[in-house]
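**Student:** Could you put together the complete structure from these sequences and hints?
Protein chains: 4
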Amino acid sequence: MNRHDPEGTKNRGRQGVLRWGRWGADDVLGTLNFLDEAKRREGAALVRRGVSFSLSQRFDMNGPQKGWRRRTNPVHTMLDTGTDAALGNQSFPHGIGGADDVIAMPLQCSTQWDGLGHIFDHGKAWNGRDAATTVTSEGDLVTGIEHMAPYVAGRGVLLDVGRVIGDERKKLPDGFAITEEHLTETAQAHGVAVGHGDLVVVRTGRLARARREGWGEYAGGDSPGLSFTTAGWLHASEIAAIATDTWGFEVRPNELDAAFQPLHQVAIPNIGLLIGEMWDPDTLADDCAADGVYEFWLTAAPLPITGAVGSPVNPVAVK
Amino acid sequence: MNRHDPEGTKNRGRQGVLRWGRWGADDVLGTLNFLDEAKRREGAALVRRGVSFSLSQRFDMNGPQKGWRRRTNPVHTMLDTGTDAALGNQSFPHGIGGADDVIAMPLQCSTQWDGLGHIFDHGKAWNGRDAATTVTSEGDLVTGIEHMAPYVAGRGVLLDVGRVIGDERKKLPDGFAITEEHLTETAQAHGVAVGHGDLVVVRTGRLARARREGWGEYAGGDSPGLSFTTAGWLHASEIAAIATDTWGFEVRPNELDAAFQPLHQVAIPNIGLLIGEMWDPDTLADDCAADGVYEFWLTAAPLPITGAVGSPVNPVAVK
Amino acid sequence: MNRHDPEGTKNRGRQGVLRWGRWGADDVLGTLNFLDEAKRREGAALVRRGVSFSLSQRFDMNGPQKGWRRRTNPVHTMLDTGTDAALGNQSFPHGIGGADDVIAMPLQCSTQWDGLGHIFDHGKAWNGRDAATTVTSEGDLVTGIEHMAPYVAGRGVLLDVGRVIGDERKKLPDGFAITEEHLTETAQAHGVAVGHGDLVVVRTGRLARARREGWGEYAGGDSPGLSFTTAGWLHASEIAAIATDTWGFEVRPNELDAAFQPLHQVAIPNIGLLIGEMWDPDTLADDCAADGVYEFWLTAAPLPITGAVGSPVNPVAVK
Amino acid sequence: MNRHDPEGTKNRGRQGVLRWGRWGADDVLGTLNFLDEAKRREGAALVRRGVSFSLSQRFDMNGPQKGWRRRTNPVHTMLDTGTDAALGNQSFPHGIGGADDVIAMPLQCSTQWDGLGHIFDHGKAWNGRDAATTVTSEGDLVTGIEHMAPYVAGRGVLLDVGRVIGDERKKLPDGFAITEEHLTETAQAHGVAVGHGDLVVVRTGRLARARREGWGEYAGGDSPGLSFTTAGWLHASEIAAIATDTWGFEVRPNELDAAFQPLHQVAIPNIGLLIGEMWDPDTLADDCAADGVYEFWLTAAPLPITGAVGSPVNPVAVK
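Chains as they are written, first to last, in my numbering: chain A, 203 to 521; chain B, 203 to 521; chain C, 203 to 521; chain D, 203 to 521.
Possibly wrong hints are sitting among the right ones.
Partial pick of chain B residues on the chain C-facing surface, computed with a CB cut under 8 angstroms [to be verified]:
id : residue
1  : M263
2  : M280
3  : D459
No wet-lab data here; the hints were simulated from the structure. Using N, Cα and C, we set each Cβ at its ideal position, and we do this for glycine too.
**Tutor:** Shown next, in the form of structure tokens:
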């Protein structure tokens, strides 16, 4: 990696990981193809105690968004309320009352998946498609997240890098670039294997810090995250997806001069990698530390919003 | 059931099923309490082949909503597109481009859970709380759907009543009231048991008909659905949740004179029942008919929208 | 006009009306440039009685939109209500209570102006700009409707074609193409002149019919409207703007084979014409018929939504 | 005014200004009733030069809102773009292309009118109506802002208190309470009369400061504004409406202990006063300073959003 040669570094990073055509010209699933039925059987066998965990942040106005790229926090409003029902303001008969609600939100505002149409590399989307005709104002006409709806359920692995590598508060500092070595060291400390078809959750401790200190620059600012150098591992490991507890998955500031999210640029359109962001693994992580088991059954089903390039998600882990 | 005495019938229906206080004064989960760790272990053991199914309709403008109660179909718009990325309209460096999106939608517009704050009975919400102070313009201050986020994963059972009782197209006619006897007969035909802690999915064939004939009055019009007389069974069976492929779960027109959704009125605030609507069980149903197995692992995790009285959901079944 | 040669007809229509550069390369106002200070003084002198009229439809869920091009009716929801205030659900001190609200709506959903960035002709926007870089996902970067905010106030003229040319219900039938001759005949019947810098309101009676018969296909269906052949008059008359009581300004079905809104295609990007749609001139029209005065002061100020290609508007006429 | 007796002070403030029933039990216009036809004739006569000004801020994500009370800045997104049109991503024939857009915004997010249903006093709305049944989740069922749609056009008067009383930057400091004496002194300095039926615009300089220094706490923080003691003048002067260049119209911090917007509490439900906020009078103010004329024709037409308790507005002044 040559920090001062961002274009060259990205070009080299792209080579060796480019996976266009791997699953045919019509593929709309990318690395999710690795999550096969055998992997699901393996994952389901991990349900031993029957305890379940949500890995989602809450969706409300107290979230981290501050307006960048017109991203707001979710605005949830009521169409009808219990207050109105109790006061007789509704026209329903025989004592029935109802409440209804509405939401307006960016699909990337909180815990979410990035769809395959979320990032482009030099005008190319996943599988070599032209970005210009794949993701228009109508949405992602080819690789919309609705195609992933049935499939995101399998073996989950937590890599609590914050706990293994981090400080006494189990967190990594901003700007800390997590390398393949850090991931391997963490997996070894956990006694867990990571590989083909897995749904990997990386905990940095960044969200826990925001919980203590306030959002600050959580959305878009400095952060620990994956190093650009992990591109090779993200490809070679054949994982099905990876998610972090940070806004942007990769380390911030970015490692290449004047670059913006270079690992996204390699990982999504070239590797076809499914990336999750702003997940909340903290409750699960405490449980894993307590029982020493870092693998589990994970369902993280995106809403099948037609043509969406991302989706809010409530990932549920069961051990 | 006396059709011409709706108030009396509902009062009698309420008696014997009222479950306030069953899980303490602070309960926010209702029947989801029945879904315990043992049930999750039982459910996970049902993953034999590793094949997964989405039970969600797509979220887009082609949905069934026509504006009743200000319910629209989801409006999904793009904040950035591949077209703009390809044309150089974005200011990102080194060839990276991005697409982002936004959604505005009623939480009850498509495949969804009704939260415990969705329906009231004579001013009372679940557990006997005052509707007036529980669900205000700020949302459901007590039983918001966010509380259910970690828990909706367990043993699922499909009761394909449309296939067992219905016509040659595997559907029930509009106005068909599904009774406890119909449910029992269907379960026996499937060779499956239904009970404590289960997540029950009832297929009527109504959605399949809408798929063939157009939405018509799917959202709010006549429909097959559960009979008001199933209230006793819904209570006594101790199921954790129940969902249908119809807009409104219960039969339409309603069975009581001048009533509106009387089974909701009994089931949600009095029984504490978690109800799903507009689910799409059709692909799963075909698979169940093929292999004769009507039980499976089901995760149907609502988005933890703070204070919401419902949530869109992508239920994922794994067999 | 050769109905069977839409391309040729449009090309000929474009010639002679093309006004690119007329107000310099940087122009963002189009025909609104004709509305000068002299015209405003002339308009203000028309306030004789002091009576005022709104020419806007109401904005609510009872509007005509049915989802075409993801256009919905406005969804208006409350953030706080009087009901909550009265019940003490708000945290404000000393007896003050408040209500707040939110709206989500397409800018073209009801009474509106089409901005200069609303329509393109073979990739060109008003003044010959490239559509591709003028109106991106960020909005209209050059000719956004905010630029018109201070200027849309001047002399208004009502041409009640429905009353002069139409049937006994003062309306034109669907498919009726209003020609220059019809406009001239109407103006003469009213005893009013129309020309340079005027804000012209054309009443067809289409909205009045929708009010009687229901919306039906008001939004997008057949309708009376301006003939493609009026392009020359729209140019030569040097009017500042024109609005109708129909969804689409021009006659529907369109007059050219397989065409879609060909007059828009000529008028907005080539003439730079400001076009209003779905206005409600009916109350004003009755008053004009009663006193015989068809000219008035008109303010129709778009909301300065940055980068918008249209704006809802409440036009106010004062006589 | 006894700062330490907020309840008593407000009760006394309410006495002598209470106007319930003044225009009958059915009134939905409040002080807008003072704006009569004679006043409109007087106002129109003020158009001497024909020059027009917008008094609106722009509506976009760069606005002052920070999420308080779920108030966001407007989110404007595109349904179709010129980029898509130019690239052939649209299905329209013969070279026509189109752009369409959508907005989601709180009605109080930027330049706006407060409707009569916006504020309550001890459970009472304007004219003594019960807040609980007047403004429900359905909106303002009685005094929705749509009723004002035709009427807000008349004589405008600018009182540039910032220029007359303020510092060398023509602004008042935060916490500066503008009294009746300040208003009178300003009017005298301008050589303009203010009274019955007028639309009064008060400039404090607060917005100009935000323009220089950034929004900071513009929305909800400290600010100059009208003193609680002006309630008597607001009533006795019989003005039709009043607007300021601040977020909240009245001085902040409020003058009474532990109070929240006490002048709103007196002015809207008791006086029936139409109040505008976040107006931008700065360009107009410079013109008035230049020509010494502080009166003009003003149209400030709210969008007729059915049941709304406020409306965005683009006020247009013509001199």
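**Student:** Double-check M263(B) for me: the hint is only fine if its C-beta lies closer than 8 angstroms to a C-beta in chain C.
**Tutor:** Constraint on M263(B) satisfied, holds at 5 angstroms.
**Student:** Go through the hint on D459(B) and say holds or violated, using the shortest Cβ distance to chain C against 8 angstroms.
**Tutor:** violated (29 angstroms)
**Student:** Can the hint on M280(B) be confirmed by a CB-to-CB distance to chain C that is less than 8 angstroms?
**Tutor:** Result: holds, 6 angstroms to nearest chain C Cβ.
Of the hints listed earlier, the one the structure fails to meet is number 3.
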